[in-house]
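Visitor: Residues per chain are reported as follows:
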Amino acid sequence: MTTPGDGETDLRQIPTWTRRYARNRTLAMAGMLAVFLLAFSALTGLALGSGWLFRHGHRPLGGAGVVVLLGLTLWWVWFSAVGVRRLAVWLQGRLYAAEGDVRPEEEESRALARAGWWVGLSFVACVSATVVLVGTGLVPLKYMQPVSALYVVPFLMCLTLLQPRSVSPFLWLWPALYATHAALILGGAPILLAEPLESLNVVIPTVGYGLLAALLGHAYSRYALWRLRRLTRGAEEASR
Amino acid sequence: MNDPDPEIHQPTRLRIMMLLSALKSADFTFLVKTLGLTDGNLSAHMQRLESAGHVKVMKEFEGKVPRTSFRLTPSGRSSLAAYWKTMDAIRSAPGPSPPRGSRG
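First to last, the sequence lines map onto chains A and B. Everything in the first sequence is counted per the numbering used here, starting at 1 for the first residue and increasing by one. Everything in the second sequence is counted per the numbering used here, starting at 241 for the first residue and increasing by one.
Be aware that one or more of the hints could be misleading.
25 Å max Cα-Cα, derived SDA-like pairs, lysine to any residue [stated by the list, open to error]:
hint, chain 1, residue 1, chain 2, residue 2
1, B, Lys273, A, Ala224
2, B, Lys264, A, Gly93
3, B, Lys273, A, Asp10
4, B, Lys304, A, Gly100
5, B, Lys264, B, Ala321
6, B, Lys273, A, Glu105
7, A, Lys142, A, Leu184
8, B, Lys304, A, Leu95
9, B, Lys273, A, Gln13
10, A, Lys142, A, Val203
11, B, Lys264, A, Met157
12, B, Lys264, A, Ala113
13, B, Lys299, A, Glu105
14, B, Lys273, A, Ser166
15, B, Lys264, A, Trp117
16, B, Lys264, A, Glu8
17, B, Lys299, A, Gln92
18, B, Lys264, A, Arg229
19, B, Lys296, B, His249
20, B, Lys264, B, Glu300
21, B, Lys264, A, Gly100
22, B, Lys325, B, His249
23, A, Lys142, A, Met157
24, B, Lys273, A, Leu11
25, B, Lys325, B, Ser265
Here are the in silico distance ranges between beta carbons for each label pair [stated by the list, open to error]:
hint, chain 1, residue 1, chain 2, residue 2, range
26, A, Thr16, B, Lys296, 21 to 29 Å
27, A, Thr16, B, Ala333, 22 to 30 Å
28, B, Ala333, A, Pro169, 33 to 41 Å
29, B, Gln287, A, Leu95, 26 to 34 Å
Just so you know, these hints were derived from the structure itself, not from any lab. The structure presented is a predicted model; accordingly, all values stated were derived computationally and were not measured. All C-beta atoms, glycine included, are put in the ideal place defined by N, C-alpha and C.
Build out the structure end to end from the sequences listed, making use of the hints.
Guide: Laid out in structure tokens, this is it:
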């Protein structure tokens, strides 16, 4: 019977690089961000549009806008709790089909699922409150991103903290950059877009920093897979 | 001193066990591609690991496409931990004394 040789250190590194690879398969996140972008744009557009209609005396149309806004908000609650997971699994299967499927270790508990629900609901409530505040003119649109940072940053941190074994560490960049962006706006840095692109001041940091984090995670997963294959291949030859 | 578990000690099976130890589950394609094995070779190794009770095989359908995935069983995890404990013990055990006059 053979004893471990020089390759034993390599063997012991396999779980580390497997975990790194599995946690950083973040390309599906880009697809989810696209859905998030659409929903966010629709919510913002409906809120702003409804507010404008009310202010200009078109109450029936403004009311219809609010009804659609409520429906979309309910859909978003469902999507945040159930749909986003289904979409993530579907995208993950399609985008990484050539490499095969891996499921990272997960923290599965009822407490976690319950916490996820409350985090999702709180987030939707905060988004709705913000769009109403901006739609009614109580908060200037240029301060929407710093105001949203008050709940977006904790929300993104919660998503990572609730699943520390399965989520890419690169996702910490997202809340960090979002908070930095808000601080720069409050500090008067010239990074705000003017009319008619003012609403992009929230959308760009939300989607842009998320995409950046996802793409960095994906790039790191390429490196991790390369390292992993170097550690795992050639065993058949070694055993002969 | 115990001998290491022969089902785990084989290089390819040890790598399979180490890969699965870091995951909830992995499918057949991932293991074939990552280990650089043929389908038949991987199947043979997985059958031995399943027979030994180290791995659980899960077969499911995604639409009409069958998918086979694997995960370590709790006993597989403890066997892997015991394997490394045995290997550490073998390594730390004092080796045979060098023959006299072998130096210089």
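Visitor: For the pair supplied as a hint, Lys264 (chain B) and Gly93 (chain A), is the alpha-carbon distance within the 25 Å limit?
Guide: holds, 16 Å
Visitor: Tell me if the straight-line CA distance from Lys299 (chain B) to Gln92 (chain A) falls inside 25 Å.
Guide: Holds - the C-alpha atoms of Gln92 (chain A) and Lys299 (chain B) are around 19 Å apart, at most 25 Å.
Visitor: Within a Cα-Cα threshold of 25 Å, do Lys325 (chain B) and Ser265 (chain B) meet the stated pairing?
Guide: holds, 24 Å
Visitor: Can the restraint linking Lys273 (chain B) and Gln13 (chain A) be considered satisfied, given a maximum Cα separation of 25 Å?
Guide: holds, 18 Å
Visitor: Between Lys304 (chain B) and Leu95 (chain A), is the straight-line Cα distance small enough, at 25 Å or below?
Guide: At roughly 19 Å apart (the allowed maximum being 25 Å), Leu95 (chain A) and Lys304 (chain B) satisfy the hint.
Visitor: Given the hinted pair Lys142 (chain A) and Leu184 (chain A), is their alpha-carbon gap at most 25 Å?
Guide: holds, 12 Å
Visitor: Does 26 to 34 Å hold as the CB distance between Gln287 (chain B) and Leu95 (chain A), or does it fail?
Guide: holds, 31 Å
Visitor: Taking 25 Å as the top limit, are the C-alpha atoms of Lys264 (chain B) and Glu8 (chain A) close enough?
Guide: The hint holds at about 23 Å.
Visitor: So if I understand the rule, the pair passes when the alpha-carbon distance is 25 Å or less; does Lys296 (chain B) with His249 (chain B) pass?
Guide: Roughly 19 Å between the alpha carbons, so the hint for Lys296 (chain B) and His249 (chain B) holds.
Visitor: Would you mind confirming whether the straight-line C-alpha gap from Lys273 (chain B) to Leu11 (chain A) stays at or under 25 Å?
Guide: Between Lys273 (chain B) and Leu11 (chain A) the Cα gap is close to 17 Å, so the pair holds against 25 Å.
Visitor: Between the alpha carbons of Lys325 (chain B) and His249 (chain B), is the straight-line distance 25 Å or under?
Guide: Answer holds: Lys325 (chain B) to His249 (chain B) is near 13 Å, not above 25 Å.
Visitor: CB of Ala333 (chain B) to CB of Pro169 (chain A), is that within 33 to 41 Å?
Guide: About 39 Å separates the Cβ atoms of Ala333 (chain B) and Pro169 (chain A), which means 33 to 41 Å holds.
Every hint, counting from the list given before, is met by this structure.
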